[in-house]
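Trainee: Using the sequences and the hints, build the whole thing.
From first to last, the protein sequence lines are chains A and B. Note that the numbering used here has the first sequence beginning at 1, numbered continuously upward. Note that the numbering used here has the second sequence beginning at 252, numbered continuously upward.
Please note that the accuracy of each hint is not assured.
Stated by the list, open to error - In silico DSBU-like pairs for lysine-lysine, Cα to Cα no more than 35 Å straight-line:
| no. | chain 1 | residue 1 | chain 2 | residue 2 |
| --- | --- | --- | --- | --- |
| 1 | A | K222 | B | K463 |
| 2 | B | K349 | A | K232 |
| 3 | A | K135 | A | K222 |
| 4 | A | K232 | A | K135 |
| 5 | A | K212 | B | K349 |
| 6 | A | K15 | A | K135 |
| 7 | A | K104 | B | K482 |
| 8 | B | K382 | B | K473 |
| 9 | B | K463 | B | K477 |
| 10 | A | K212 | B | K463 |
| 11 | A | K82 | B | K483 |
| 12 | A | K15 | B | K355 |
| 13 | B | K382 | A | K98 |
| 14 | B | K386 | A | K98 |
| 15 | A | K226 | B | K349 |
| 16 | A | K98 | B | K482 |
| 17 | B | K482 | A | K82 |
| 18 | B | K355 | B | K333 |
| 19 | A | K222 | B | K473 |
| 20 | B | K349 | A | K131 |
| 21 | B | K477 | A | K98 |
| 22 | A | K222 | A | K131 |
| 23 | A | K4 | B | K266 |
| 24 | A | K15 | B | K255 |
| 25 | B | K349 | A | K135 |
| 26 | A | K104 | B | K266 |
| 27 | B | K463 | A | K131 |
| 28 | B | K266 | B | K333 |
Keep in mind the hints are simulated off the structure, nothing from the lab. Keep in mind it's a predicted model, so treat the numbers as computed, not measured.
Protein chains: 2
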Amino acid sequence: MIEKPNLEESLEAFKLGISNRRTIIAVGECRIDYFGRGHSELDYGDRAVVIKSDGALVIHRPFGLEPVNWQPPGSMYRAYIKSGSLIVEAYRRSPEEKIIVTFKRVLFLAPLGLRDDASFRLYTSEEIMKKAFIKRPEIVEKGLRVISEEKKVGSGLVDCLCLDLNGGIVIVEFKKNRAGVDAVEQLSNYVRELRSSGSEVRGVLVAPSLTKEAYGKLNSLKLEFKRLSVKKCIEILESTGETSKISDFIS
Amino acid sequence: MIEKPNLEESLEAFKLGISNRRTIIAVGECRIDYFGRGHSELDYGDRAVVIKSDGALVIHRPFGLEPVNWQPPGSMYRAYIKSGSLIVEAYRRSPEEKIIVTFKRVLFLAPLGLRDDASFRLYTSEEIMKKAFIKRPEIVEKGLRVISEEKKVGSGLVDCLCLDLNGGIVIVEFKKNRAGVDAVEQLSNYVRELRSSGSEVRGVLVAPSLTKEAYGKLNSLKLEFKRLSVKKCIEILESTGETSKISDFIS
DNA sequence: TTCTCAATTTCGTGG
DNA sequence: CCACGAAGTTGAGAA
Chain A
1 MIEKPNLEES LEAFKLGISN RRTIIAVGEC RIDYFGRGHS ELDYGDRAVV IKSDGALVIH
61 RPFGLEPVNW QPPGSMYRAY IKSGSLIVEA YRRSPEEKII VTFKRVLFLA PLGLRDDASF
121 RLYTSEEIMK KAFIKRPEIV EKGLRVISEE KKVGSGLVDC LCLDLNGGIV IVEFKKNRAG
181 VDAVEQLSNY VRELRSSGSE VRGVLVAPSL TKEAYGKLNS LKLEFKRLSV KKCIEILEST
241 GETSKISDFI S
Chain B
252 MIEKPNLEES LEAFKLGISN RRTIIAVGEC RIDYFGRGHS ELDYGDRAVV IKSDGALVIH
312 RPFGLEPVNW QPPGSMYRAY IKSGSLIVEA YRRSPEEKII VTFKRVLFLA PLGLRDDASF
372 RLYTSEEIMK KAFIKRPEIV EKGLRVISEE KKVGSGLVDC LCLDLNGGIV IVEFKKNRAG
432 VDAVEQLSNY VRELRSSGSE VRGVLVAPSL TKEAYGKLNS LKLEFKRLSV KKCIEILEST
492 GETSKISDFI S
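Mentor: In structure tokens form, the structure reads like this:
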């Protein structure tokens, strides 16, 4: 780690760090230009520039959640000094994109050999809903039998294909948040495509709630809605002793 | 900036830095737990933890473009030592979410007073297409006259409302990338809503290309497609001397 | 590669 | 606050 390096020192550190596949964290006053699918300009200011070991680049301003500019893993780098500024360029192909960072000064620069082998486990709400439904289909409708998950139907993927007590086909679509018109349309498309193959098909949208517009559309299309919250699903999975980890974090 | 601080030093630096609204960059071995809309676990490894001056939190692994965990601006923090570990918690309300970072050791910690007042300018491809079209509507169809942009139509916003040579209404929808079924459906919705008010309405999807599915749907709905690339639009804007900045970056 | 959908999407805009 | 659409969306998964 180097504090207040001059631009030549910074250049060397960048070059060495990149070729040694270090993760480099540099903070300094810089401007940023991007060109590719779009085009952006950001005049001089203090930012944190991070080049990761896999070639990913993220540049953060001192505020805001998202990086102001970035480049994906596998990007290629060039660094040089021109007109008294340190310039770092990040390239990618397909699509061809380029970021040019022009440093006026560097506050500090840290080329780091970081070790991180842990595997990230994410449990999403929709996963939870689907699992709970497969475990206990009656939370949506009594007598429902799940035929298949993620079934391909023409233009998209149906969450769950089921049979009801009368042997009719039921398409079940899950939304973890309040469902909007788009969700109803998506379900409607699936139902229409399956109906066109001659079967009796019902469509059920499962979500914690519906927008007003979605409710109207749903009714006019004679589709159905079943209210189901993620919380309820977690309780169901807990009761079968499947996800004690999740419940640890519920308060 | 502190190198290899012990946990007590780190705790003090975190507390002071957060209450002084510094941007804090900390690198160290930590585990991360998240609970809120979803739930995630990540066992110990080296990561860069950034707390920004506005309370935003981003945690980056040494690889990958996206942060592994994060919390938006305005989050609240608690830091303490427990069982020989430094724990930093980030809270938000609505939705209620929490991130718990447990440090085993800290490689370095930098509380920074960063100044960044510059304004970010982003030029998107869709902007460019729309501007070029308004400048020269004939790139889509000869004789077209633009009536309004971003016109609200029932459920959404139409990119451009136009009149053709026969005085008929034409809805023009732009997509900067190859357009899919969703784009056709969106256009179809707008056309349907305007037709329901009794007018003759045509719909034109303007994009560099169409997916096969989209092409079929477009035809069956009797909508139209006009091929137009962003590159062409840039040339058009250049020819009117509007965007020399953009052209500087084209190669 | 293309296509489709999810995301702790985030971010803006308008009602 | 809700609703809706764009994003340099990114990312994962399948054909």
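Trainee: Evaluate each hint against the coordinates.
Mentor: Checked hints:
no.	hint	result
1	A/K222 / B/K463	holds, 29 Å
2	B/K349 / A/K232	holds, 21 Å
3	A/K135 / A/K222	holds, 27 Å
4	A/K232 / A/K135	holds, 13 Å
5	A/K212 / B/K349	holds, 31 Å
6	A/K15 / A/K135	violated, 55 Å
7	A/K104 / B/K482	holds, 33 Å
8	B/K382 / B/K473	holds, 26 Å
9	B/K463 / B/K477	holds, 15 Å
10	A/K212 / B/K463	holds, 33 Å
11	A/K82 / B/K483	holds, 33 Å
12	A/K15 / B/K355	holds, 31 Å
13	B/K382 / A/K98	holds, 24 Å
14	B/K386 / A/K98	holds, 28 Å
15	A/K226 / B/K349	holds, 29 Å
16	A/K98 / B/K482	holds, 17 Å
17	B/K482 / A/K82	holds, 30 Å
18	B/K355 / B/K333	holds, 11 Å
19	A/K222 / B/K473	holds, 26 Å
20	B/K349 / A/K131	holds, 24 Å
21	B/K477 / A/K98	holds, 29 Å
22	A/K222 / A/K131	holds, 26 Å
23	A/K4 / B/K266	holds, 25 Å
24	A/K15 / B/K255	holds, 25 Å
25	B/K349 / A/K135	holds, 29 Å
26	A/K104 / B/K266	holds, 31 Å
27	B/K463 / A/K131	holds, 34 Å
28	B/K266 / B/K333	holds, 15 Å
Checked against the numbered hints above, the structure violates only hint 6.
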